[in-house]
Amino acid sequence: MAAARTLLDKVWADHVVVPETAAAPAVLYIDLHLIHEVTTPQAFALLRERGIAVRRPDLTLATMDHSTPTTPVSSFRDLAVVGESAANQIRQMEENCREFGIELYGFDSEHRGIVHVIGPELGASQPGKTIVCGDSHTSTHGAFGALAFGIGTTEVGHVLATQCLLQRKPKSLAVNVSGRLPDGVTAKDLILAIIGEIGVDGGTGHVIEYRGEAIRALDMEARMTICNMSIEAGARAGLIGPDDTTLEYLAGRPRVPQGADWDAAAERWLGLRSDDDAEFDRSVSIDAAKQQPMVTFGTNPGMVIGVNELVPDLDDPTFRKAMDYMKITPGKPMSANAVDVVFVGSCTNGRLSDLQQAADILNGHKVADGVRMLVVPGSQQVKLRAEELGLHRIFAAAGAEWRESGCSMCLGMNGDTVASGQLSVSTSNRNFEGRQGVGARTILASPATAAASAVLGHVADPRTLN
Amino acid sequence: MDALTTLTSRTVVLPIRDIDTDQIIPARFLTTTSREGLGAALFHDLRFDQHGAEREDFPLNDPDARDCRILVAGNNFGCGSSREHAPWALLDYGFRAVISTEFADIFQNNAFKNGLLPIIVDVDTHNWLLAHPGVELRVDVEAAQLELPDGGSVEYPIDAFARYCLTQGIDQLGYLQKHSDAISSYEETHACGG
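Just so you know, the protein sequences line up as chains B and E, in that order. The numbering of the first sequence is this note's numbering, which starts it at 1 and goes up by one. The numbering of the second sequence is this note's numbering, which starts it at 1 and goes up by one.
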């Protein structure tokens, strides 16, 4: 009988072109290469310099999200791109895709959006695939049981040229989440708690497989939020075994097989899970029932506490540097911190269900005086659906801004920034120093917590507003 | 990529854990389409205040640290984003090696591909290096050894392939392209892309 294998073992083995040895890493085949404007120009320049074609443009999917503005306009061509270098980057992306024959979901596409939102939306992110992108949050697509990870620009060039990467097989880490999340506690809270538990380097060198009753109970968008932040625990990727929830999400999407091919694919995908007695290199257990809304207080996602807990105090230079930057007082509750900006969006929490959670809290309330709230859909499709449901009217009535899709305030490079010294409650993934703008102070939270904080004007538990 | 076989330099020390790639190079410098000239943006918001003046208390701004080619940093250096602009900025500034107890995976991959050597040392060696900024070290890449000022040396772990590429100045794309026959036969026998 064959040895029991993990999902990672199976997907890895299916993609080995040349096995790894002590002397050299494996040549690993890549099924889907997602590309965007920020981490590709230098790779295309190398191809051009060496006269190399893109090996599989049909397995390459391009969009523009990072340096694109999200200001509301009637036509994308009117968008005021922030600065000449960003405008140049966007023009280069259009040229590169045209020259190398890659389909670009560009400014005029109704499918444009954050690369990690549109991959799943189009049905391009499928179980058992290897998926890479020059972006660390590529781990998002692991929610479908795909081995998906971020790469650098040199590696983007490798994939464009050969559709392969040189890789050592990562180790496996099982995160077993038992029980069910209590009402009012979301996937974002759970992943922040997991990162707090294992640390920002707890997953280094590993692929995390999220398992257990609580994970099974999550819908696909919540699973994407979980896998998205695997990188914030240092993990190479996050994985969740495909099940009926996965199939229901994918059925009928533009890039999935149709008819009899769908039936065959569905059967194959459901077989893609870790064997019952498969062994992981490490494992960690978490009880979902004990979870609560979580907020960060420091300058990395591992510096995180329950929204009603007191900020800890540590005698440590890294902790002191973080507290000096954040101007948050140890020993005090997080609710003592007045909020200037609230951002709902990003590849972590910019999907329809995330916007719905924020709208549910905001409905019938107003954003507090002096607070700026920005709601940025993760894609143009998310925007369309949200408007069909009237969510944009709830946001507008509450006094929040409703924008075009893009990475926006998750990272300060497209015109959407938090001013120096301002405190932001953000549904994005990184509270690093300067991430949202020079001197910006970021607190990571769920869409519900962000919306509640917008209404009350300070960091707040969303359960108090229901 | 320039080959790296030995390196002798004094160290500059950043005794902070979890230095992320947003601190190494903030996102607003990523709208470039080139890999050149990014040294000016290295640790930008730590090196400079909001008026563009150098912060005196930042270790890289110490006049004695200007020509250091080895950076010693706290645990988990390079966490966060996949931006290769981080090693590009470190190299352009003049660094050829970073010493820590652990590196983030993507940063480490990116560093090797550009000829920047990540050196992982044990906690005791690390603590000593953190406490002694400015000491001169010699790195023998072929032997994977870090030679300390007291004449002692420590061996550091390094992937055999990464070391080979680094010491020979090998371009990994060329290496991958040599496997094109194997890639073609894989494509013939697999439903690539789903």
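Among the hints, erroneous ones may be present.
Some chain B residues well away from chain E (every beta-carbon gap over 12 Å; in silico) [unchecked claim]:
# : residue
1 : E197
2 : E267
3 : D276
Far from chain B by the CB rule (all over 10 Å, computed), these chain E residues [claimed, not checked]:
# : residue
4 : R28
5 : R55
6 : A131
7 : V135
8 : D150
Simulated restraints on C-beta separations [stated by the list, open to error]:
#  : chain 1 : residue 1 : chain 2 : residue 2 : range
9  : B       : D14       : E       : G152      : 58 to 66 Å
10 : B       : A336      : E       : A53       : 26 to 34 Å
11 : E       : H132      : B       : A22       : 31 to 39 Å
12 : E       : G94       : B       : P317      : 23 to 31 Å
13 : B       : R180      : E       : R55       : 43 to 51 Å
14 : E       : H132      : B       : P333      : 35 to 43 Å
15 : E       : S180      : B       : E95       : 22 to 30 Å
I should point out that these hints are in silico values taken from the structure, not numbers from a laboratory. Just so we're clear, the structure is a prediction, and the values are computed from it rather than from any experiment. By construction, the Cβ of each residue, glycine as well, lies at the ideal position given by its N, Cα and C atoms.
Here is how each hint holds up against the structure:
1. E197: holds (16 Å)
2. E267: Given a closest Cβ separation of 14 Å, the condition holds.
3. D276: Its Cβ never comes within 12 Å of chain E, the nearest being 26 Å, so this holds.
4. R28: The claim is violated: R28/E sits with its nearest Cβ about 5 Å from chain B, within 10 Å.
5. R55: Holds, because the least Cβ-Cβ distance between R55/E and chain B comes to about 13 Å, which exceeds 10 Å.
6. A131: holds (12 Å)
7. V135: holds (20 Å)
8. D150: holds (26 Å)
9. D14/B <-> G152/E: 58 to 66 Å: Since the Cβ atoms of D14/B and G152/E sit about 47 Å apart, the hinted range of 58 to 66 Å is violated.
10. A336/B <-> A53/E: 26 to 34 Å: Given a distance of about 33 Å, which is inside 26 to 34 Å, the answer is holds.
11. H132/E <-> A22/B: 31 to 39 Å: Cβ of H132/E to Cβ of A22/B: about 35 Å, so the range 31 to 39 Å holds.
12. G94/E <-> P317/B: 23 to 31 Å: holds (25 Å)
13. R180/B <-> R55/E: 43 to 51 Å: 49 Å Cβ-Cβ, so the 43 to 51 Å window holds.
14. H132/E <-> P333/B: 35 to 43 Å: This hint holds: roughly 41 Å between Cβ atoms.
15. S180/E <-> E95/B: 22 to 30 Å: holds (27 Å)
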